[in-house]
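*Asks:* Spelled out, the chains give:
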Amino acid sequence: MNPPASGRTGSRLERPDQQGRFGEYGGMFAPETLMPALWQLADDFAEAWGDSGFVGRFHELLEKYTGRPTPLHAADHLSEEIGTRVLLKREDLAHTGAHKINNAIGQALLAKRTDKTRLIAETGAGQHGVATATAAAYTGLECVVYMGEKDIERQALNVSRMKMLGAEVVPVTSGAATLKDAVNEAMRDWVRTVETTHYIIGSVVGPHPFPWMVREFQKVIGEESVRQLQGEPVDVVVACVGGGSNAIGMFYPFAGREGVELVGVEAAGHGIETGRHGASIGAGSPGILHGARTYMLQDAEGQVLEAHSISAGLDYPGVGPEHAYFADTGLARYVSITDDEALEGVDLLSRTEGVIPALESAHAVAWVAKEADLLRDKTVLINLSGRGDKDMDMITARWDRV
Amino acid sequence: MGLPALDSLFGQVRTEGRTAFLPFMTAGLPDPLQTVECFEAMAEAGADAFEVGFPYSDPLMDGPTIQLASARALSQGMTLEGSFKILGEVVSATGRPALAMSYANPMFRLGADRFAGRAAEAGASGLIIADLPLEESRPVAEACDRAGIGLVLFAAPTTDDQRLARIASHDPVFIYGVAELGVTGERASQSDHPRTLATRIRAVTSVPLVMGVGISTPDQAATLAADVDGVIVGSALVRRALESPDPIAEIAGAVRELVAVLSGREVT
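Listed in order, the protein sequences are those of chains A and B. Reading the first sequence from the start, the letters are residues 1 to 402 in this note's numbering. Reading the second sequence from the start, the letters are residues 1001 to 1268 in this note's numbering.
These are computed hints drawn from the structure, not numbers from a lab. Please note: incorrect hints may appear among the correct ones.
[Claimed, not checked] Short, incomplete list of chain A residues facing chain B, as computed with Cβ under 7 Å: (1) Arg276; (2) Gly330; (3) Arg333.
[Claimed, not checked] Label-pair ranges, simulated between beta-carbon atoms: (4) Gly50(A) - Ala1093(B): 34 to 42 Å; (5) Glu1243(B) - Ser160(A): 20 to 28 Å; (6) Ser1189(B) - Pro71(A): 54 to 62 Å; (7) Trp39(A) - Ala1093(B): 41 to 49 Å; (8) Thr1199(B) - Thr196(A): 40 to 48 Å; (9) Asp389(A) - Glu1037(B): 50 to 58 Å; (10) Asp51(A) - Asp1031(B): 52 to 60 Å.
Note that CB positions come from ideal geometry on N, CA and C, so glycine has one too.
Working from the sequences, and respecting the hints, build out all of it.
*Replies:* See below:
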């Protein structure tokens, strides 16, 4: 397929450098109050991740509690319909309904190990909030989830789930009242409570060590896929990208492999040309958002622009710094899918496979369907990052309008 | 003006045995046409130097008051260009040192050299970048050096002594002591953090120490006066700029009370 625009190719980095950078992206643009905690967290995580007891406990919980490994499902009916062999990594079948639980369990175990008593999180679609509330309930930690007011409206089911699990859901009204603002508010909480609280950031975003740590907890998705393929070659690996945790978790074990193309699907919203989208790599520029240098949506003076996507989880004006590195080095390429195309993706997968995908994951499905001609005779692996129950109200509301 | 004016202010307050007062106000408050007048009134009320807040869409070190001020200023059309212009007018109208307070993204978007250069042209003494810790400060410190202005570095209650020493060794124009945990905003009570931090900083360096975050009342300022070279108050003044029917007079009144306790003078 297309070579990277830059013509450069790089290799994946096992760890970011001493400054927490993936190439020129990442870093630690955080208030001083948080800096000692961030360094401590980097040390604590490195130590825990090298401890077979901790890693064993993490994998034991993923297996016994969250139901891993998730299946690799050959989507034969979809394949037949679009003329391309499609495999689905079924993260929608993980406990709580999305890949988010992998990271939430990992970080909650780390918080417990480091004697924190309280967990905070931001959430967009609510999946990470539910995952964190679940991990908090399981580990017996207090839990507060920040969620944009607009997202509280469009993801009501997940709000109820978080409350059922004992979490406090704090509405965020600042800015666009979506995911970006929820991250701001969670960071502000953490600046105040850092001595007792661990912030479970939900994606591969934020200051070092979060992008690295979250990728390490999520790379189980790609590692399992490699094993489940049992040597069968895949040509293209596709995942949706908001902050990008499901994508990096899937991509990382494949990155740099001969003959495998990695494709990240961003939200084109109403269309890139309308300016109402969430395509930070496709239509953004490098800047500093939520503590890391990365691609983001901003104006000429560096004010952060509001993203737009029908999918709350992709409604974010930035992307994890490792994706910025993957994009620049050609390790992956990034495309986008509109709201309407994503809805068609939901319909297509539901109809052909009996699987209702989350609106986020539907972006990946929709891209494969859209590019089926280009992908003909190839084997495509889609990370189906979450299930669509949470989106049903919004989808049926659209039916009513039509 | 510029850096020497701020350096000499710290020399002067130490000689005089008093504490400098450095109020913060968001560029564009109380409204874009009154900002300079507001700074002039604060100067007349005895403020020694100023922080001019450049409004930013995502100020994650700021509490609700300064968030609202930033959002309002931006919605009323305040720009980066406008912020630099106000900074220059504040310096020339008051004849006192001023610093630009911003965040890393707008600063790097313009470019560290251009940002520092524009601040220097405006007569500013230095930059305060809320999300620029020591680890990321080098390119900005170098840009400030080239422009002949200073870069402020932070120390927080969570900063340990070893890190304090490292911060001090970079010889910032002053250390911004973050008095309380959390973001900017008024607090009903004061913890032990500010005095403990001041003592710890004094033990490792003679770099000027200015404290802010969570200091809003004359009483809170008074308990710190002996331990620091300067005090910053932001949210308490910005709140008046947002809410008061006669903001400039009220802000000047609040500044006068704060200056009185910091200089040991009676309120007149």
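*Asks:* All hints are to be evaluated individually against the structure, with a verdict given for each.
*Replies:* Quick rundown of the hints versus the structure:
1. Arg276: 17 Å, violated
2. Gly330: 25 Å, violated
3. Arg333: Cβ of arginine 333(A) sits 26 Å from chain B, so the hint is violated.
4. Gly50(A) - Ala1093(B): 34 to 42 Å: 59 Å, violated
5. Glu1243(B) - Ser160(A): 20 to 28 Å: Check failed, 37 Å falls outside 20 to 28 Å.
6. Ser1189(B) - Pro71(A): 54 to 62 Å: Holds, since serine 1189(B) and proline 71(A) (Cβ atoms, about 55 Å apart) stay within the stated range.
7. Trp39(A) - Ala1093(B): 41 to 49 Å: Because 43 Å falls inside the window, the suggested range holds.
8. Thr1199(B) - Thr196(A): 40 to 48 Å: With a Cβ separation near 24 Å, threonine 1199(B) and threonine 196(A) fall outside 40 to 48 Å, so the hint is violated.
9. Asp389(A) - Glu1037(B): 50 to 58 Å: 57 Å, holds
10. Asp51(A) - Asp1031(B): 52 to 60 Å: With Cβ atoms ~58 Å apart, the hint holds.
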